[in-house]
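S.K.: Sequence:
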Amino acid sequence: MTSLSRARLIAILVPNALLWGAIGSQYIGHLVPCEMCMWQRWPHLAAIVLALVAILLRGQPAASRLFTLLAALAILVSGGIGVYHAGVEYHWWQGPPRCTGGGFTSLADLMKAPVVMCDIPQWKLAGISLAGFNAIISIVAGLAVIGFASRKAAR
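Oh and the sequence shown: position 64 is 63 in numbering that gives the first Met the number 0, straight run, nothing missing.
Hints were generated in silico from the structure; no laboratory data involved.
Possibly wrong hints are sitting among the right ones.
[Unchecked claim] Between beta-carbon pairs, the in silico distance windows are: (1) 115 - 58: 42 to 50 Å; (2) 59 - 96: 41 to 49 Å; (3) 2 - 97: 38 to 46 Å; (4) 124 - 59: 37 to 45 Å.
Where is the CB? At the ideal position from N, CA and C, for every residue including glycine.
Generate coordinates for the entire structure from the input sequences, incorporating the hints supplied.
M.R.: Structure below.
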């Protein structure tokens with residue numbers, strides 16, 4: 000298996016696993032996603048589409064590499080959002096007022112707020128929330144895809 004093939008494999012499998020894991024935790028585990036949780040899903044969906052294009056273009060290495068690297072970038076974006084969300088959950092920094100309960104000036108504003116707050120993790124394992132796990136896995140996977148996709152083919 001070539002390094003570009005490995006990169007494409009990671010670029011398709013990891014976002015699928017994370018996205019389906021999030022959907023499973025929502026519909027099977029009954030964890031209601033907050034607004035920031037949803038933000039993390041969109042780059043994974045984009046990464047899946049980009050990785051599929053890269054796979055379809057596997058006969059054209061330069062184009063396939065480009066789409067694989069774009070998929071890696073999308074995975075890293077989700078990881079970055081995960082870092083931001085985890086920081087909000089751990090109260091390292093402020094999150095968006097709309098989903099953290101701050102900034103309401105009227106009862107009408109409060110009534111429009113989402114039911115699930117972004118600064119209260121619904122689930123943790125070893126002190127790491129789902130946003131934290133998404134950040135860790137996405138950043139490692141995104142960097143691995145870049146590393147494999149950037150390698151020159153063996154001669």
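S.K.: State for each hint whether it applies.
M.R.: Here is how each hint holds up against the structure:
Look at residue 115 against residue 58: about 45 Å separates their beta carbons, and that is inside 42 to 50 Å. Checked against the hint of 41 to 49 Å, the pair residue 59 and residue 96 passes, with Cβ atoms roughly 47 Å apart. Checked against the hint of 38 to 46 Å, the C-beta distance between residue 2 and residue 97 comes to roughly 43 Å, which is consistent with it. Roughly 42 Å separates the CB atoms of residue 124 and residue 59, a value that falls within the hinted 37 to 45 Å.
Hint violations for this structure: none, all hints satisfied.
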